[in-house]
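Participant: Top line first, the protein sequences correspond to chains A and B.
Heads up: the first sequence is residues 1 to 260, going by the working numbering.
Heads up: the second sequence is residues 1001 to 1257, going by the working numbering.
The set of hints was computed from the structure by calculation and includes no laboratory data.
Any given hint could turn out to be false.
Straight-line distance between alpha carbons at most 30 Å, and here's what the computed BS3-like set of lysine-lysine pairs gives [to be verified]: (1) A:123 with A:22; (2) A:102 with B:1054; (3) A:119 with B:1236; (4) B:1054 with A:86; (5) B:1022 with A:119; (6) B:1022 with A:102; (7) A:79 with B:1079; (8) B:1236 with A:22; (9) A:123 with B:1003; (10) A:102 with B:1046; (11) B:1042 with A:87; (12) B:1022 with A:22.
No experiment lies behind these values; they were computed from the predicted model shown.
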Amino acid sequence: MIPDIEENLIEVHDVHKSFGNKHVLRGINLNVKHGESMVVIGGSGSGKSVLIKCVIAILKPEQGEIYVAGQEIGSLEEKDLYETRKKFGMLFQAGALFDSMKVWENVGFGLLQHSKISKEEVKEIAIEKLNLLGLYHIEDLMPSELSGGMKKRVGLARAIAMEPEILLYDEPTTGLDPIRADSINELIVEMRKKIKVTSITITHDMVSAYKIGDRIAMLYQGKITEVGTPDEIKSSSNAIVQQFIQGKAEGPITQAEAQI
Amino acid sequence: MFKNFFHLIGSRSLAFIEESGKIMMLLSDTVILIFRRPFNLKGIFKQMEEVGVKSIPVVLITGAFTGAVLALQSYTGFKRFNAEAFVGTVVALSVTRELGPVLAGLMVSGRVGSSMAAELGTMQVTEQIDALYTLAVNPVKYLIVPRLLAAFIMMPVLVIFADLIGITGGYIVSVNILGSNPYVYMERTWSYLEFNDIYSGLLKACVFGIIIATVSCYQGFYTQGGAEGVGKATTKAVVLSCLLILIFNYIITALLF
């Protein structure tokens, strides 16, 4: 299939990925438009993280293609792959900050590695990014001195420090209290307005999904069951989607699990 | 039952071959990346301090007592056929050719191998290694190259320390406790020691350095399964590098002499 570069920044075609005999992704198809905020919802262990790790080529799918800005990332030379990765920023679930470095070195890591900017300037940029996320005077602390929510925000500061075109958020609100979670949601929305970034967010927090998503895709049994705007998803006639978004213990998802 | 038995042998052998292959691939990737810019000198020096400078006390104590006990033991034996004068020779040869590199290697794999595996393992399970990929930094280049180079460079240095202090330990025991003539002891030490003895010991040290860094980084880099996985990786790193050191020690000795 030929990717539609005009329309879509990321196209995922029929991607399969397994670990041992566990077939996690079973033919994923998903398109993300330029400047769009795509939210992927799905149960724990449904392969949401695997999907975005395939998009950024940390994991290699066994089958299928992933196009980023028209380039099939599976067929790229290593050097070009690292170049393409510079288009991305990723926020990890627990922040994944480098615990041997100070906060500002974490935020400025990409700049220190890839640009010729002096250390002092990188630190300034890092502080600016931290301030943007409401973090003040923590640049000289170590990650171990931060709370979970702060680590996440520092992780986000690191992800946006290189001003990427695409941001990947791995459960940005998990493990935060509702107020902090909402402030992260606000940040994500703001980020999209401010730096016009395209994003894929994976979450099982529906409040967050409705708030930040232009479109929502439901991942179930290794496939995208349904894609639509938040309103379309809310009024979906698909029983699986309805069970998930309403968070009910009874329904087709649990029945299917019981049969396995 | 027999089927299970063969299945077990087969699957274990496959796992062994697969793992050996993966370790070799990681080593060859690392070696290629050593020569690719940018060179991370700061990282290399930091690791050299970690691997080398901080291991000096352990290696010195190991070396001193090895030399000392060697002097005691060989004195007891040699006295039976009136060859006490050759204690110095035996201590010098055994330490430089064999015990210096092997014992330093074992101590370093315990001290450094475990910390490499635990550090990289923790980075893997907390997604820090994935984070490096997302920041367009090759984790093999960033994390493993400095460790491999540091171990390769610093192991011989540590062995030189172990050799010197081992000979000194033997000297102190022989001269101060057993009452040997200091002049004769030193003369017998140096006159039979050849350059080849020291050089072969240092060659071993380089190989052991590569083994420790490669095995430990491999175990850490491919850690799976949280804190438990990090524990397992650390244990495996130390056990496997110790075993490989002993095996390669024999192979190198057999090839060189």
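Participant: With reference to the structure, classify each hint as holding or not holding.
Facilitator: The hints, checked one at a time:
Simply put, residue 123 of chain A and residue 22 of chain A have alpha-carbon atoms about 44 Å apart, too far for the 30 Å limit, and the pair is violated. Between the alpha carbons of residue 102 of chain A and residue 1054 of chain B the distance comes to roughly 23 Å, so the proposed pair stays at or under 30 Å and holds. This hinted pair does not check out: residue 119 of chain A and residue 1236 of chain B have alpha carbons roughly 39 Å apart, beyond 30 Å. This hinted pair does not check out: residue 1054 of chain B and residue 86 of chain A have alpha carbons roughly 37 Å apart, beyond 30 Å.
At most 30 Å may separate the alpha-carbon atoms for a hinted pair to count; residue 1022 of chain B and residue 119 of chain A exceed this at roughly 37 Å. As the CA atoms of residue 1022 of chain B and residue 102 of chain A are separated by approximately 33 Å, the hinted pair breaks the 30 Å bound. Taking the CA atoms of residue 79 of chain A and residue 1079 of chain B, the gap is near 67 Å; set against the 30 Å cutoff, the hint is violated. The straight-line distance between the Cα atoms of residue 1236 of chain B and residue 22 of chain A is roughly 26 Å, inside the 30 Å bound, and the hint therefore holds.
Distance check on the hinted pair: residue 123 of chain A and residue 1003 of chain B sit about 63 Å apart at the alpha-carbon level, beyond 30 Å; violated. For a cut-off of 30 Å, the pair hint linking residue 102 of chain A to residue 1046 of chain B stands: about 16 Å separates their Cα positions. With a C-alpha separation of about 27 Å, the suggested pairing of residue 1042 of chain B with residue 87 of chain A holds against the 30 Å cut-off. In summary, the hint linking residue 1022 of chain B to residue 22 of chain A is supported, as the alpha carbons are separated by about 22 Å, within the 30 Å threshold.
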